[in-house]
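Trainee: Go by the hints and put chains B, C and D onto chain A.
Just so you know, the protein sequences line up as chains A, B, C and D, in that order. Residues in the first sequence are numbered consecutively from 8, following the working numbering. Residues in the second sequence are numbered consecutively from 8, following the working numbering. Residues in the third sequence are numbered consecutively from 8, following the working numbering. Residues in the fourth sequence are numbered consecutively from 8, following the working numbering.
It should be emphasised that the hints constitute simulated quantities derived from the structure, not laboratory data. Wrong hints could be hidden among the right ones.
To be verified - Chain C side only, calculated, beta carbon under 10 Å to chain A, not exhaustive: (1) 23; (2) 189; (3) 190; (4) 191; (5) 193; (6) 195; (7) 196; (8) 197; (9) 198; (10) 199; (11) 203; (12) 204; (13) 205; (14) 206; (15) 208; (16) 248.
Claimed, not checked - In silico contact screen, one side only, chain A against chain D (beta carbon under 7 Å); selected entries: (17) 22; (18) 34; (19) 61; (20) 63; (21) 74; (22) 247; (23) 283; (24) 295; (25) 298; (26) 350; (27) 351; (28) 352.
Positions of the beta carbon are idealized from the N, C-alpha and C atoms, including for glycine.
What follows is the residue order along each chain.
There are 4 protein chains.
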Amino acid sequence: MTGVTKRVAVLGATGYSGIELLRLLYSHSGVAVVAVSADRHAGETVGRAIPPLAGLYDLTCQRIDQLYDHDFDVVFLALPHEQSTSVCHRFLRPGAVVIDLSGAFRIKDPAVFKRWYGFEMERALTDVAVYGMPELKRDAIRRARLIANPGCYPTGATIPVAPFLKRRVIANTGIVIDAKSGVTGAGRSPSQELHFSELNEGLRAYKPAEHRHVPEIEQELSGFSSGTRVTFVPHLVPINRGVFTTIYAAVQDRNMDQSGLEAVLTEAYHDEPFVRVVRYPGLPNVNAVRGSNYIDIAVRYDEQNSTAIIFSAIDNLVKGASGQAIQNMNIALGFEEKQGLVFPPVFP
Amino acid sequence: MTGVTKRVAVLGATGYSGIELLRLLYSHSGVAVVAVSADRHAGETVGRAIPPLAGLYDLTCQRIDQLYDHDFDVVFLALPHEQSTSVCHRFLRPGAVVIDLSGAFRIKDPAVFKRWYGFEMERALTDVAVYGMPELKRDAIRRARLIANPGCYPTGATIPVAPFLKRRVIANTGIVIDAKSGVTGAGRSPSQELHFSELNEGLRAYKPAEHRHVPEIEQELSGFSSGTRVTFVPHLVPINRGVFTTIYAAVQDRNMDQSGLEAVLTEAYHDEPFVRVVRYPGLPNVNAVRGSNYIDIAVRYDEQNSTAIIFSAIDNLVKGASGQAIQNMNIALGFEEKQGLVFPPVFP
Amino acid sequence: MTGVTKRVAVLGATGYSGIELLRLLYSHSGVAVVAVSADRHAGETVGRAIPPLAGLYDLTCQRIDQLYDHDFDVVFLALPHEQSTSVCHRFLRPGAVVIDLSGAFRIKDPAVFKRWYGFEMERALTDVAVYGMPELKRDAIRRARLIANPGCYPTGATIPVAPFLKRRVIANTGIVIDAKSGVTGAGRSPSQELHFSELNEGLRAYKPAEHRHVPEIEQELSGFSSGTRVTFVPHLVPINRGVFTTIYAAVQDRNMDQSGLEAVLTEAYHDEPFVRVVRYPGLPNVNAVRGSNYIDIAVRYDEQNSTAIIFSAIDNLVKGASGQAIQNMNIALGFEEKQGLVFPPVFP
Amino acid sequence: MTGVTKRVAVLGATGYSGIELLRLLYSHSGVAVVAVSADRHAGETVGRAIPPLAGLYDLTCQRIDQLYDHDFDVVFLALPHEQSTSVCHRFLRPGAVVIDLSGAFRIKDPAVFKRWYGFEMERALTDVAVYGMPELKRDAIRRARLIANPGCYPTGATIPVAPFLKRRVIANTGIVIDAKSGVTGAGRSPSQELHFSELNEGLRAYKPAEHRHVPEIEQELSGFSSGTRVTFVPHLVPINRGVFTTIYAAVQDRNMDQSGLEAVLTEAYHDEPFVRVVRYPGLPNVNAVRGSNYIDIAVRYDEQNSTAIIFSAIDNLVKGASGQAIQNMNIALGFEEKQGLVFPPVFP
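Bound conformation, chain A alone (with noise of 0.2 Å):
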């Protein structure tokens, strides 16, 4: 990087992802938050607009159409699924790097794309957008001019599963992905379902196999081992944020162990500066990486089942979101990529 400080705008700024980003980047020493857009809260300060980061920053919302055609050098889309697809050109101008945490840019084909989200991608677009996972494609993220951050599951799933496909340590069919999460996933618009009362207390699955996360996870997991599939089932708790992720899979070395199972996180993340693989007999918590860009990896061999059975904690709004796309701005700007997000968990 250069000195000099990076000019970067975040759109949707008051939704839990947006104002995520605002946390993370106000401690961030290479870049400069210059415009916030957030339609509903159009001429608020952002203080008034978001309680919490009163007296941080000194900026009003915009409405988005105010800020097409500007020049920034990163554009955070933390917007719906139609609307990045809708505006992302508006911001792809020479020089910037735009980041989107929709899943508008993150399923490669067409039909497959059509059939979970319901419109027409932006195939141009697409094409030249560049899946987000630093742990497992750094190189591509370097050059890339548009990235598509990935989802909360599918971060959850993907960076623990890898590894053992690479190695063909576990067969690529008959995965199942157990995933719980916080509700913060869910978004920050009112609905009945996720009013307090109908939550808290409870406990449910919801769109067994039927969730839009599905294609995101086989067309990832399927870059390691062609044709992987994945029976996934998320579920609700009653906390505000985290996804803990239990992952069964059928063990085809005759010769793992409980050890040498865990030698195949320990080698394939030992350098990487988020990814901390939790040892026998420890177990991840998704209390152990909250407010942190951290995944907490582990596995245990099941043998009588011949299961692999592995467990993955993040904070869905850090790792699972926001934090990751600061992780990806890093590296498509050039700064260190661990700058601006170093910092112990919040625990309790």
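Mentor: Leaving out everything else, chains B, C and D in the frame of chain A:
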């Protein structure tokens, strides 16, 4: 039953299962709780030892040894495993039915028991004990004098899976049981792990493939398909009550589809008073059974992976413990099975 | 009462108070719910509209206008204030008792009502309505045809304070009422403010000295000491059920001490079936009344400041709404006052 | 400050205040934590003793006595009161600043201390200790060698009330302080009372007018208006972090109104980096300060009762403990007061 009120003792009354027994038995017109034990609260009134029950019971807590060899019609043991093992014979007197809520008498194989519980079972008692899952063992319960009340996880797993195994719809190996439990399932004794702020806003797995409910589940499911094997991982969720279980199994019947799978459940359980099959597109939620003896179950067919995804939700203190214990009592004593147990869940 | 089962209608059945009425009425042996209204769920079975009640009610939700002018023995209005105001006369037919759970008929002064509710009261109905707080107005309730069921905050504040005012133990000005409520008190309609993640792990006051329960509390307490004035501040706490109220009042009787204050409560309420005085050093807790019709109360003397600190805990959906409504029904119809309402709280 | 990195020790590192010190000090560029004590974890790495900190500190926990008489620039005591009392002199060496987060040195009057803490204070040390509330005692802190870091409740109460007393806007008697705290304020030691299911969905007062923060609040407020007396009642709310305080005081200035009251706060604190005055109609919320060193304050005028209602929200572990301790360190060592402490709250 005769018109005579049955005399009931609740031992271990100040644990969560004990308190729940007192809550539920209060409204049962065929019985009267005439004695309660709680060693640490001996000499205190029930209302003082358990403030929510103030004004409802005119009884004083006793030491358990003060109740040895007394005559009761029914004795509920809500005690630690070891204590149930050692005191059970003191209450298993002629004419009495003993219902044990611990794991002391559930596992039939002495070696398996020793391995998972760490001490020797009481063989003679285990031999006569009946596993008290009414939906699957009603006839045996009718004749039982000692009933081993099932664990909460085995209840949530066995009831929805059994019909699929019985009909050979699913394979009996490679079954994955991913269970999520509220915290009352861990009991009432304080510990660092169960301290409020350690759990609240946290989410984690524990004892993966190492929980002592594994052999209990395998023993019972093997009654429907010999040699059934499961990979079982429990998780701890920061809510008070409820176990939500998600089960993944390979469908081996090629002609199955969503409605066929659902029919397996409805045909198996349409006459059961406490099993509710949630029809597509609905799914169970622990907050729809809270405080009640219902187990809500559902199934989804993941056609791409030929996998049945089976769901259940129970209140671990009711259907997973004290409610099921009373259901067992009703059967063993000749009451109507539903007596004292049919009332709406507490929502929210 | 006669042995005849009374016919009950619950209007607004899918709100939290409506659901709670259905939960509690289910176990009341003297009545049968024969009709329920829920405009948005018209045509759906109760079990489909309210999944926790699946299998318990063989009824279909209707539009409220389909029930106009039908004959019921008891009609519960669990409706918005404005709707109660406009439809009440449709159900107040000869022989019927109408119990309104909204604020439509609680305030006697038309100007005060207009100021706090923003619309005109239905004067003729308000004139005949009896404020349904059994502990303080039992005789009037017995003769009532229209009962204005108290608000949850006024219930938690009025019952414990009234005896002190009546006996002139405390001053009737400068009374501070600091109330903390669970979220079901805010109803079931989704809004940004009641979105799960906005409330969870949050804690705040709202409408300080501006809540419409202020005039209700002052009106009722002034019945015991004319001109009583209170400073009332409600707070929102991320739990489902419960109102905990802490009241501060100047002790004007110089001879008072802790036991004297406690005696005021025990003497006032020793015969009340739903008031439990928690004796020193105990204190109420909402988790000791959850799901029940109890109000637990206590008092402490802060001698240094000559201040009485008065506490209460209720379940806002039971004693604060539907349970008290049924208690009123019992009185008005001549049932035993406790009928269908005496059962243990759900702990934890 | 000089450019030299200051050497810091954190004693009692595995309690919640200790962990929070390590979290916050990590990002402070002027200091380095060089030693941590945790008797029960002696010999373990910090990352093993405190899993959220894995990979962030290359330190091993030691027994506290292993650190006696070593040279540090700053020593934080996050220990029980008694232990702080007995070990403090071991660390109060020439050139060192000791910041004690317990109550050992806050109360100046030996008799008052004895009455509320139950043991004898260390008089010589208490005499030199400075009460570390920067907004009110900045100059004294600058010269302090031993700083008594305020309690969380006194922080939430004193800061918003002091300006009103100083200006004689409110009476100094009859002040009611109703505080609601998250559970981390009660520490990390397991107990029946702090067991998850005992607190979750519960709500209660504790130690009404009997909490040891009463004399601390009265001592400090009396510095602004001699003889100030308060009725203080703390409550326990099932959240992790946060203290919300509601204070009621008689307004004795007849010319006051809402804007006049608000002006008292803005004039007193407009230059304070960590005090945010929330303007009408806004109100503080603990979720707007979580994880941060802010105290958000507001006031409302209840004109009918001539009462000022004063509000504050803090994160008890930050402004109520470890953050304020670091703010004190910054002042005492000559760092910029904000250093390492200006970052956005974690919302939600």
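Trainee: Run every hint past the structure and note whether it holds.
Mentor: Going down the list of hints, with the structure as the test:
1. 23: Since chain A brings a Cβ to about 7 Å from residue 23/C, closer than 10 Å, the hint holds.
2. 189: 8 Å, holds
3. 190: For residue 190/C, the interface hint holds, since the closest Cβ of chain A sits about 5 Å away, which is under 10 Å.
4. 191: Status holds, d = 5 Å.
5. 193: 8 Å, holds
6. 195: Holds, because the Cβ-Cβ distance from residue 195/C to chain A comes to roughly 7 Å (cut-off 10 Å).
7. 196: 8 Å, holds
8. 197: Where the cut-off is 10 Å and the nearest Cβ of chain A is about 4 Å from residue 197/C, the hint holds.
9. 198: 5 Å, holds
10. 199: 5 Å, holds
11. 203: With a minimum Cβ separation of about 5 Å from chain A (threshold 10 Å), the hint on residue 203/C holds.
12. 204: 5 Å, holds
13. 205: Cβ of residue 205/C sits 8 Å from chain A, so the hint holds.
14. 206: 5 Å, holds
15. 208: 6 Å, holds
16. 248: 8 Å, holds
17. 22: For residue 22/A, the interface hint is violated, since the closest Cβ of chain D sits about 11 Å away, which is over 7 Å.
18. 34: Since chain D brings a Cβ to about 5 Å from residue 34/A, closer than 7 Å, the hint holds.
19. 61: 5 Å, holds
20. 63: 5 Å, holds
21. 74: Violated. Min distance 22 Å.
22. 247: 5 Å, holds
23. 283: 5 Å, holds
24. 295: 4 Å, holds
25. 298: Given a least distance of 5 Å, the restraint on residue 298/A holds.
26. 350: Because about 5 Å separates residue 350/A from the closest Cβ in chain D, which is inside the 7 Å limit, the hint holds.
27. 351: 4 Å, holds
28. 352: 4 Å, holds
Consistency note: the structure conflicts with the earlier hints numbered 17 and 21.
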